[in-house]
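Asks: Produce the complete structure using the sequences and hints provided.
Chains as they are written, first to last, in the numbering used here: chain A, 1 to 332; chain B, 1 to 497; chain C, 1 to 323.
Any given hint might turn out to be false.
[As the list claims (entries may be wrong)] To be clear about the criterion: a stretch of chain B counts as covered by chain C if any three or more of its residues have a C-beta under 8 Å from a C-beta of chain C, and this derived list gives those stretches:
1) 325-331
2) 339-350
3) 483-494
[Said to hold, decoys possible] Derived DMTMM-like pairs: lysine to aspartate or glutamate, alpha-carbon spacing no greater than 20 Å straight-line:
4) K182(B) - E170(B)
5) K208(A) - E143(B)
6) K208(A) - E156(C)
7) K215(C) - D326(B)
8) K331(B) - D429(B)
9) K207(C) - D347(B)
10) K320(C) - D347(B)
11) K331(A) - D90(B)
12) K331(A) - D137(B)
13) K269(C) - D347(B)
Just so you know, these hints were derived from the structure itself, not from any lab.
Don't be surprised by glycine CBs; every beta carbon is placed ideally from N, CA and C.
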Amino acid sequence: MNKKVKQILTTNEIIVVYIIIALCILIGIVNPVFLGMSTAITLSRAMLITLIFAICEMVVIISGGIDVSFPAVACIAMYSTIRFVIAFGIESPIFAYGMVALIGLAFGALNAYLIAKIKLPPLIATLGVSSVANGATLAFLGTKEISNIPEKMDALSKVFLISYTNSQGITYQLTALILIPVSMIIVAYYVLKYTMLGRGIYAIGGDKNAARIAGFNVTRIQFIVYMSSGLFAGIGGLTYTILMRQASPQSLMGSEMMVIAAVVVGGTRITGGHGTVIGTILGVLLIAIVQNNLIMLGIPTHFQTFVVGLIIVIGTSITSLRAKKIANSAKV
Amino acid sequence: MCMADTFLKLDHVKKYFGGVKALKGVSLEVKCGEIHCLAGENGCGKSTLIKVISGAHNATEGEIYIEGKRIDKLTPIDSIRMGIQVIYQDFAVFPNLSVAENIAMNHALMTGAKKMKWKEARELALHAMEQIGAHMDPDILVERLSVANKQMVAICRAIINDAKLLILDEPTTALTANEVEKLNIIIRNLKEKGMAIVIVNHKLDEIYRIADRLTILRNGENVATGMIEEFDRARFVKCLTGHEVADDIYRPEYFEEEIVKVENLTKKGAFENVNFTLRKGDVLGITGLLGSGRGEIGDALFGLAPAETGTITLNGKKIEIRSVQDAMKYKIGYVPEDRLTQGLFMDRSICQNTVAASIGRYMEKTGLDHKKMKEVTWQWIKTIGCAASSSEAMMRTLSGGNAQKMVIAKWLNTEPSLLILNGPTVGVDVGSKADIHTILHELAKKGIGIMIISDDLNELIHNCNKLIIMKNGQTSGIIETGDMSEAELTGLLNSGM
Amino acid sequence: MEKSKKFFKEADKNTLALFGIALLIFALMGIFAPGSFLGIANLQGMCIQFPEYGILALGMMLAMISGGIDLSLVGIANFSSIIGSIVMIKTGGSGTSILLGIGAALIVGALCGTFNGFLIGYLRIPAMLVTLCGLQLYTGLGLAVTKGPALTGLPESYSLLANGAFFGIPIALLIFIMVFLIVAYILRATVYGQHVLYMGTNDIASKYSGIHNLKITITTYLIGGMLGAVSGILMASHYNSAKADYGSSYTLLTLLIVVLGGTAPEGGKGKVAGVAMAVIVLQLVSSAFNILRVNSFVKTFVWGLLLLAIMIITKVVESKKKE
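Replies: In structure tokens, the structure reads:
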């Protein structure tokens with residue numbers, strides 16, 4: 001039993017928890033206000049979009065692949081939808097969400113086709129799709145920022161779950177859109193842990209050939225993985241636009257680094273087969289805390305990219321070294 | 001379990017791939033409650049046959065009967081549903097999943113479950129382990145298991161699917177002597193329960209210890225079938241290879257010149273106090289069961305996993321080997337065990353393979369001399385008797401025997417003082433095998449130290465005039481082979497020394 | 001005659017196909033827009049642009065041959081050019097200070113590359129992950145040093161490097177040709193060049209053949225880092241300033257070039273001539289787009305399509321061959 005406790009206390013997730021606690025104490029000493037409701041609300045909002053993407057990316061990485069096309073897919077799905085609904089005067093948010101989901105799904109299917117059927121390396125396939133999607137957005141849909149979002153959609157950004165006013169009278173509000181990543185987390189957790197589909201995703205990430213022999217339909221699972229990644233990329237893109245109250249065709253480009261970083265820091269092995277929803281949430285949380293509080297720690301903003309880069313390098317080195325240690329350790 | 005007397009019957013099964021006849025007509029009968037060994041050299045059609053039985057390949061011609069019923073078209077799913085389970089050499093387990101999940105997963109897939117029931121999986125796994133007498137933590141990840149335990153997981157997985165016929169493809173290649181013994185107990189146990197078992201193996205002594213019946217395949221045909229008692233060594237070898245046992249034995253004249261002297265070589269956990277002297281003309285064999293430390297000595301001398309203490313003297317000079325680069329500097333060559341992954345660059349030309357370890361010699365003032373490399377390669381192809389049309393042909397196009405000759409040529413091109421060969425003739429056809437042995441004898445006579453690490457006792461007896469037997473990292477000291485017989489050597493291997 | 005026959009026999013089909021495409025573009029553009037396309041100004045303009053990413057592509061090719069990938073090259077290029085520029089500015093902007101700056105940039109590039117190689121070869125972290133992180137890290141370092149905006153005030157004469165010409169031939173082109181020849185020589189005629197091919201084909205067999213994999217890996221990324229620095233020097237000279245996020249589209253572009261040039265993403269195969277040909281083809285297409293006044297974003301779209309198309313064709317051809 002003692003051994004099991006020790007095992008639990010040294011899992012990847014727990015290590016990230018230690019780091020988060022240490023950071024919180026550090027920031028809390030510098031700025032006591034940090035440890036409060038206001039921070040919780042600010043961080044939740046900061047994590048919202050990253051979480052949507054990170055959950056999908058985690059699933060893709062567990063299955064033994066990688067997807068760097070989601071920012072471009074998110075942008076093209078969101079931007080074309082916004083232009084479409086404005087042009088035709090469609091107000092319904094449900095229609096808009098349906099449309100981004102479909103466009104996202106289509107790009108996801110393209111990724112899946114290239115990876116599962118043509119057997120291209122996932123990085124190169126998704127890089128290519130990313131370039132196609134991004135180029136198409138800018139070349140054929142335009143480069144303008146759109147701020148006249150249809151009213152009913154815009155109204156979504158003003159629905160709040162929690163309102164909190166601190167002693168200085170500043171009000172912090174938690175947007176209801178947080179329910180999107182929250183429900184995704186619940187579904188992903190359930191599917192990955194308690195369905196054969198979820199176990200199949202782990203299985204193909206562990207050994208594709210063994211999965212095929214065992215009777216999994218590897219191609220089908222890969223299609224499901226990449227298509228859901230595309231679907232939620234679209235949904236994430238539209239949610240981002242509603243939150244920001246404007247649509248820009250480039251806004252999310254470049255966020256893939258941060259998302260992959262969060263996933264890997266959360267203990268998902270880049271080589272596939274390992275990863276948990278909890279770990280990914282913690283990874284996203286850690287990076288959000290660092291990004292939002294660098295100034296508080298006396299680190300100037302122009303150091304942000306570097307510090308995040310450093311955290312990723314250290315985080316990935318630790319996960320890789322742990323994997324290496326397990327591989328070299330005595331077998332039982 | 002098995003309901004009929006004969007579980008599986010193949011009648012003149014043929015399988016052609018285009019023009020290639022992989023199976024030219026195999027008839028095989030496997031009875032319930034028997035252990036049937038299937039032996040044959042590489043390329044005899046064993047794996048094709050397994051794939052036909054498991055439904056992965058469709059037979060071109062011939063009839064298949066399972067439990068007396070004729071099966072027209074066997075698909076992988078049908079095969080599993082009818083109780084046929086194959087345990088492949090790599091076990092096809094998931095390293096990233098727990099023991100319990102690995103065991104239960106196929107069953108869940110078979111029954112078409114949509115949900116993963118962890119508690120059920122755990123119970124199923126414990127039950128299966130109990131049945132075969134394995135003890136493992138069901139929650140541990142399979143990546144942390146030893147090879148033997150991974151195999152246990154694969155067996156557990158097979159038996160919970162109501163296996164009636166269990167096919168094990170070379171199950172003992174990566175097991176230690178103890179583990180083989182344990183596996184044999186489990187297999188006998190399953191046999192008692194009425195399961196039909198097919199074991200693919202080509203090591204005679206292991207077959208004798210487990211088999212009830214034996215079928216030998218050669219060139220896609222079954223050349224002999226019968227009770228194990230009907231086979232003696234000579235018949236076995238003759239059926240397996242199509243040749244009589246060769247009788248030429250290498251026993252060189254005595255030279256004073258010491259080439260290699262190893263004293264008290266120790267690496268903790270691998271081998272201890274290894275001592276030997278290799279004189280000019282000697283071919284030294286190192287043998288022992290898997291896990292005895294036989295391979296580790298080769299790895300240590302080539303610097304892959306250096307020894308911790310002890311001295312090595314090469315041609316009168318004390319040397320220290322801490323890395324592969326050190327070993328190269330002192331002109332030690334190593335023909336590794338796994339030719340395909342360790343020995344060869346399959347997608348490069350024969351020329352590039354031949355000069356891989358000695359490319360520095362072709363550096364001229366203006367750069368590498370590619371023309372000279374090709375000339376040298378062509379010379380090696382001729383001297384070593386490799387059947388290749390050009391030095392530029394891809395390595396992939398060569399047969400196992402010819403490829404192995406080129407691995408040896410790669411090291412000869414470095415002008416080695418000592419050449420260590422780990423399993424030099426594994427998967428090599430009989431003709432090339434004899435060629436390789438002749439080459440080694442000639443090298444030894446020229447004064448190059450030759451060490452053969454092998455578990456092929458026949459090969460060792462015929463080709464080595466000195467032998468070291470390893471057991472649990474301890475050595476027997478040097479044994480002069482003289483006119484030792486294979487039976488005596490087997491006795492030594494399995495005795496307490 | 002014999003020699004040219006042999007040349008065509010030995011040059012692989014991929015390179016020849018690219019050569020054909022390049023000729024075709026020349027011919028088409030020569031017919032439709034002879035004035036602007038074949039004009040000296042356009043030709044010179046092309047020659048200034050492609051060395052920047054052409055040199056990066058050579059670094060990418062080396063990494064891919066070794067069985068890895070280097071996504072951090074653009075980051076290294078910018079970071080080293082920033083350090084080089086600072087040295088140039090701090091030492092006064094004279095001729096020697098330019099040399100000092102270039103030297104500093106090369107050293108920084110080599111250091112960044114060594115760091116990549118160490119993480120990949122020694123800690124055995126997948127190259128894709130290391131260099132993806134590296135891109136972030138080096139860009140971050142560049143941002144940290146410059147605080148964001150472009151670093152200006154570089155010596156006037158420095159801009160001649162990318163924009164000047166020597167007997168009518170752009171200096172940038174001469175630099176590219178020189179780097180191209182050096183890399184070609186390294187791959188073909190040095191022990192390292194052969195070892196990296198062996199390692200990329202089968203890294204276990206290379207270990208068992210006495211090849212020092214760690215040394216080869218570090219050398220590969222070190223050379224990559226230095227090539228990145230050379231490209232950074234050219235970029236800084238071209239824009240007469242250094243910035244942390246110049247050339248951010250080059251990562252995809254270099255990947256496209258390398259794959260287009262016949263380098264296998266799984267390692268062990270790659271030709272300098274193919275890469276050079278791919279660079280030229282892409283520059284021709286790019287120039288043709290400019291002259292035909294095609295929206296520049298269409299290029300990104302087309303690059304992506306091209307990358308996918310080439311990969312699909314190679315895969316389909318491969319599987320046909322196997323059958």
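Asks: Does each hint hold? Answer for all of them.
Replies: The hints, checked one at a time:
1. With 3 residues having a beta carbon nearer than 8 Å to a beta carbon of chain C, the stretch 325-331 of chain B meets the requirement of three or more and the stated coverage holds.
2. Coverage of the stretch 339-350 of chain B by chain C holds. Counting CB-CB distances below 8 Å, 8 residues qualify, and the rule asks for three or more.
3. Beta-carbon proximity to chain C at under 8 Å applies to 0 residues in the stretch 483-494 of chain B; the threshold of 3 is not reached and the given coverage is violated.
4. With a C-alpha separation of about 15 Å, the suggested pairing of K182(B) with E170(B) holds against the 20 Å cut-off.
5. Distance check on the hinted pair: K208(A) and E143(B) sit about 15 Å apart at the alpha-carbon level, within 20 Å; holds.
6. Between K208(A) and E156(C) the CA atoms are separated by roughly 58 Å; this puts the pair beyond 20 Å, and the hint is violated.
7. With a C-alpha separation of about 15 Å, the suggested pairing of K215(C) with D326(B) holds against the 20 Å cut-off.
8. Between K331(B) and D429(B) the alpha-carbon distance is near 29 Å, which puts this suggested pair outside the 20 Å criterion.
9. Note on K207(C) and D347(B): the hinted pairing holds, with a Cα-Cα distance of about 16 Å set against a maximum of 20 Å.
10. For the hint pairing K320(C) with D347(B), the CA-to-CA distance comes to about 18 Å; that is within 20 Å, so the pair holds.
11. Note on K331(A) and D90(B): the hinted pairing holds, with a Cα-Cα distance of about 17 Å set against a maximum of 20 Å.
12. In summary, the hint linking K331(A) to D137(B) is supported, as the alpha carbons are separated by about 13 Å, within the 20 Å threshold.
13. Pair hint K269(C) plus D347(B) holds up; C-alpha atoms about 10 Å apart against a cutoff of 20 Å.
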